[in-house]
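Take any residue in the sequence shown, note its place counting from 1, add 34, and you have its number in my numbering.
No lab work stands behind these hints, which were simulated from the structure alone.
Where a beta carbon is used, it is the ideal one built from N, C-alpha and C, also for glycine.
Heads up, some of the hints might be wrong.
Between beta-carbon pairs, the in silico distance windows are [to be verified]:
| no. | residue 1 | residue 2 | range |
| --- | --- | --- | --- |
| 1 | Asp809 | Lys962 | 18 to 26 Å |
| 2 | Pro54 | Lys106 | 30 to 38 Å |
| 3 | Gly721 | Gln621 | 55 to 63 Å |
| 4 | Ala181 | Val216 | 15 to 23 Å |
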Amino acid sequence: MLFPVGAGKPPPLNLTHQVPPWWEEYKGQVNLHVFEDWCGGAVGHLRRNLHFPLFPHTRTTVKKLAVSPKWKNYGLRIFGFIHPARDGDVQFSVASDDNSEFWLSPDESPAGAQLVAFVGKTGSEWTAPGEFTKFSSQVSKPKRLMASRRYYFELLHKQDDRGSDHVEVGWRAFLPGLKFEVIGSAHISLYTDESSLKMDHVAHVPQSPASHVGGRLPQEEPRADMLRPDPRDTFFLTPRVEPSSLENVLEPCAYAPTYVVKDFPIARYQGLQFVYLSFVYPNDHTRLTHMETENKCFYRESPLYLERFGFYKYMKMDREEGEEDEEEEVQRRAFLFLNPDDFLDDEEEGELLDSLEPTEASPLQSRHHLPLPAAPTAPGATPAPPVPPSPGDLPTTRRSRALSWAARAARPLPLFLGRALRPRAAAQQQPPKVYVTRVRPGLRAPLGPRGPPWPPFPGVFLRPRPLPRVQLRAPPRPPRSRGRRTGGSPSAELRPPARAQATQGSLEGQPRLLGLPAPTAAANLSSEAQPVTSFLSLSQVSRAQLPAAGDEEEADDDDGARGEDEDSEEAAGAPRGRWREDAIDWQRTFSVGAVDFEQLRSDWNDLRCNVSGNLQLPEAEAVDVVAQYMERLNARHGGRYALLRIVNVEKRRDSARGSRFLLELELQERGGGRLRLSEYVFLRLPGAHAGGADADGESPEPAPAAPTRPDGRPELCRPLRLAWRQDVMVHFIVPVKNQARWVARFLADMAALHARTGDSHFSITLVDFESEDMDVEQALRSARLPRYQYLRRTGNFERSAGLQAGVDAVEDASSIVFLCDLHIHFPPNILDGIRKHCVEGKLAFAPVVMRLGCGSSPGDPHGYWEVNGFGLFGIYKSDFDRVGGMNTEEFRDQWGGEDWELLDRVLQAGLEVERLRVRNFYHHYHSKRGMWGARGRKGSRTEGS
């Protein structure tokens, strides 16, 4: 669990063969283990639970094999013995919502359990209560049982957050016509009595094939890029170049960045605004790309914009020679950062605009109109002058939330990939606008003879390319004889000139229904006349807006032809039931320029986006700094070292004085092996003032001048008092109370960390607030840890007081204290990461942890980066004491906010806070129910009670 990648083969199953003593008083009930706060509906999800099968949330008993707690997101493990009433063949069946499995052993040993019946495997299968024959997998084959023996069984059940939760097991003699009956208390018994055992006592818990089969995910491609191997993960195992041999490689220089806010008054909880992010090279893949289906905040466009328009504005559609410009692309690029108020609500969406061509002087422009940037038109197009709205159509008191923020025609055109759009000729005018609205009941969507040039977006006003002919309604066809099928060619839709007057009459009534001036006859025959209103396609229309069923039946009877009655109805203005399918251009191609969205980010700590990873440092900048350093290194040591690869480069930017870099390089020593170089360097800007570098009073002599190249470019130097120690002791401080299963998991992970890294320079300090569910001190003694310390406190759980007590117990002021949480999954390089980013008197470290979602595990992480939390904090004890430690007065009976308050004082003390997202650093999902001494209403043995 600690090292999911490259950990080798899984260990062999530790199955239980020896059964504990059994007593007659065990009859009448069976053991029940509950695993709460775990999403998913499949039993496989239950096996992936971090604590399954040894550390359940609750241990209790049940008196029959039919359980329905009426809860959600939990898993059950019911086990014990079955006592048959008589000898013979017996069939079993299981029913549940959601999935379940029933395992039965041929004897009393858990190691021999076999799967005999189950409901589903994917989490989507379920049955009604008592529905024992819905799936063929529910019913087992006949099993020969004897009344003189007892048989071990195990029932696994998983419930998600939907449905009526239940699980029951029935049996029947293998005879025709018999029904299944739930197994009652007269035929079951306990596996063992757990009422007097603490939650950390797990030796008695049976381990069978049911509790282990399918628990591990199959070997497949990682779903998250962060799970792929990276040299950073194991680079700490490479021997390090002695820091003493690197002292004279670079000239020393003062280091005092301008973003340090020493003695600057900071309001409560405002320190978050003074924490800046670092840039990283190469890409560490901490960006949660697999979570961007739910959160696209990495991109600059608003989620509303992406929902409606996607990324089409970054594409320029190719066009054939002579084809008119695709002006839809211009319009989509104009829609930036939409707000919910920019769209019409349900009451306003039916109101059309009263004016079709707004002007600067019109008061209606800012209320109902969307003035868009001017777009180029065809050279031969001559748009007609706009038609002013009628006074009766002007609104009086109502204000519409139309899109009023777009740029006006006089404003400069937007840039697309660094190129401006072609300017419009001075003599040309704007083409007519097309307003796209929803289809009203009883009205049909008019389409041109070739359909729309681009599928319109519902509820948004666009200006498409001018069409050679605009038809509000398709002209009716001449009458045909019944039974004759019409063709789909354009020639089949041509109308005789004699019908033109009737068609015009049918169009005169339609705009009046919408409250618009009726167009003239010429408006339907010229592309340079009035603007029109376009509508949605058939797929976007509700059932109530479709034509009447009688029309469709009549059309079917005619086999595609229309009679004279329909033509007369059309002449009277009745809608037709004919729709044209949208044409799809499968050969459409486009041009696109390379876009690096990483370059659009800044080092400001964006608290709104929790899926974006560390900032990416440009490769050219990282290579340039490394080349400078290697040149100076080989000049100092006579070409002794050769660069093998750049493992990690971290940059903290200061635009006023220069940038700090952490270089981690893999070197090949001449005549030796591979070595690791990990040092801080400073690229100071020429002429930058040293500032308050020596304001601490530690160095009264003047600071060395910043070195520069002959060409005036900045040169690297060694920042004074900015060197990290590889062998410094790290103390993990963790307050606990009634968290037996989490304490056991935490100690097991830290023991595995010690075994994997061989690092003995760390210590575990547990501050116990009178835990009743386990002996915490005994658990510490039993864990294989290099160092540990146990502190016991009385009273209610107080995180601030517990952390302060743990830090006070550390005697060495020149060691690092790491304020920690209990529900953390650590990567193997966590110790090295803490040491690198903690420098006494200079740096503190606040790594960003990924908070896993319900049902998620380190092998399949789904969640988000905890960008707001600073509860995981590394700092030298001397600096911690200097800032005043934890605020134990204000946060005595509560927690939440104590980390922000500490951050304020750390920044005011003149320390930098390094903020990085750490690979494979997770916070396990858990709820606060049953934690820190909360008691339930039932008497079951529950962790935390």
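Hints violated by the structure (numbers, ascending): Violated hints: none at all, because every hint is consistent with the structure.
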